[in-house]
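Chains U and X, in that order, give the protein sequences.
So the first sequence is numbered by this note's numbering: it starts at 14 and just counts up by one.
So the second sequence is numbered by this note's numbering: it starts at 14 and just counts up by one.
No lab work stands behind these hints: they were computed from the structure.
Errors might be hidden in some of the hints.
Copies of the same chain look alike in the list, so a pair counts if it fits in one copy or across any two.
Below, simulated DSSO-like cross-link-like pairs (lysine-lysine); rule was C-alpha separation at most 27 Å, straight line [as the list claims (entries may be wrong)]:
#, residue 1, residue 2
1, K231, K212
2, K231, K175
3, K175, K68
4, K78, K147
5, K212, K175
6, K147, K92
7, K36, K92
8, K63, K175
2 protein chains.
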Amino acid sequence: MNDISKAGRTRPPRKPRSPEATKQDIIAVAMREFAQNGLSGARVDEIAAKTGSSKRMIYYYFGDKEGLYLAVLEEAYRKVRTTEAQLDLEHLRPVEALRRLVEFTFDHHTSNEAFIRLVMIENIHHGAYLARSKTIQELNVSAIGELERVYQRGLQEGVFRKGLSAIDLHWQISALCFFNVSNRATFSQIFRVDLSSRKALAALRGHVVEMVLRNVLKSPA
Amino acid sequence: MNDISKAGRTRPPRKPRSPEATKQDIIAVAMREFAQNGLSGARVDEIAAKTGSSKRMIYYYFGDKEGLYLAVLEEAYRKVRTTEAQLDLEHLRPVEALRRLVEFTFDHHTSNEAFIRLVMIENIHHGAYLARSKTIQELNVSAIGELERVYQRGLQEGVFRKGLSAIDLHWQISALCFFNVSNRATFSQIFRVDLSSRKALAALRGHVVEMVLRNVLKSPA
DNA sequence: CTCAGAATGTACGGAATAGTTAGTTTAGTC
DNA sequence: GACTAAACTAACTATTCCGTACATTCTGAG
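Start from the sequences, fold in the hints, and give me the full structure.
Shown next, in the form of structure tokens:
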């Protein structure tokens, strides 16, 4: 359209081609959009627009909208597990290790709303995409191992009660930490409380830790 | 198109006009569809088709898709509160009253997946529609009253520990009972457990009750 | 340098979908 | 039994939105 000759034109921002960066850019943008609007609510055109790339590239790399969603989901889980792996509970006494795990989970969920929302969205879809993913399956089962060891140590030291399992504990911790983020909107509105203030979060965090510990300790604090 | 004269034709199923029934029919169908597919995922045409009525009627009564969704949300909350009101905790000892409330909540949520899913969906939308609804606001705050009385009685009898509030208790009970339904799909898949079997549900129910009681009781059972 | 294949831009097609227009039927009222 | 407003139907429209066809540019290998 313009009359600058091919030879003489100033270079268009000179994007060095890098497929991997393009992919990651798309996934990052898509994660925000899917987390914000859900699978059907998110718009491919909108995602493309917010990308440094184009819609064409989304289809080139991810096939279709669902393929992109799946890639986002996998990336989200991958990040979580990577973070969790940093946690080192082996050198702590059982009670402290458990406390730390709960606090860590609470803090992590609280500051990663996008992940929580993606899991909510995935549950709305009955876990259909998670079922389709091989990589996610592998990532997660291992995550329970460390908790299992903590619980066993607690049993041996005689500080934890019998009758629970690592899965039970994980379920309980997850439930409390997840709900804090997932249902904050409706809960806050119905009971006219602000659950996102620093103060309210600190109180909730304390309650969650206490609840988990009281449930697993042989005698109360 | 056909040649049966107006006067002589066999009557089409002779629907007796009843606006209220039509509305309720639409709401019931829409509740299933919205709970299943979300706000953006649900299709107005699909809802209309499954109705005894038509798409035009949806717009006639509810204005637009969002109006219909709001009506569904209000109806869902209304039903829940109606059911809850049947619960009579006043004549029970505090511990038994609390146990009963937890069991009731667990059972209710478990058998009303549509409601849970609507709340999840509403949270995905940051509670925007709930905020818009006046009727829901009124329904809910009162629900905490009964729990408050139970807790106070427990304190007076010296069986409950201090430092909690009815809101705290409600939050905890909700979290555990809600998560059981809301995250069953992903949780089951990741840890290869079936959490919807009768046996698994009974175990979970027991754990939830125990967890709430251990948290509030002064001394463990 | 050349060539193949990967990466990217542009513009468009076509299905799906929310919402509407214009009219018809019914039920109650005087 | 004529009139009116509410209840209802069928067909249509405008737009949104996923996905693609086609052309082009870049990059690394030989």
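Hint by hint, here is what the structure shows:
Taking CA atoms no more than 27 Å apart as the test, K231 paired with K212 passes between copies only; the shortest distance there is 26 Å, against 30 Å inside one copy. Proximity of K231 and K175 under a CA criterion of 27 Å is satisfied in both settings, with 8 Å inside one chain copy and 20 Å between copies. Proximity of K175 to K68 under the C-alpha cut-off of 27 Å is found in neither arrangement, the shortest distances being 55 Å within a copy and 58 Å between copies. When the C-alpha separation of K78 and K147 is checked against a cutoff of 27 Å, the pair qualifies only within one copy, where the shortest distance is 19 Å, while the shortest distance between copies is 37 Å.
In the homo-oligomer, the alpha carbons of K212 and K175 lie at most 27 Å apart only across protomers (20 Å), although the nearest pairing inside one protomer, at 35 Å, exceeds that limit. With identical chains, the CA atoms of K147 and K92 are at most 27 Å apart within one copy only, with a shortest distance of 16 Å there and 40 Å across copies. Proximity of K36 to K92 under the C-alpha cut-off of 27 Å is restricted to the intra-copy arrangement: shortest distance 16 Å within a copy versus 46 Å between copies. Taking CA atoms no more than 27 Å apart as the test, K63 paired with K175 passes in neither setting, with 52 Å inside one copy and 51 Å between copies.
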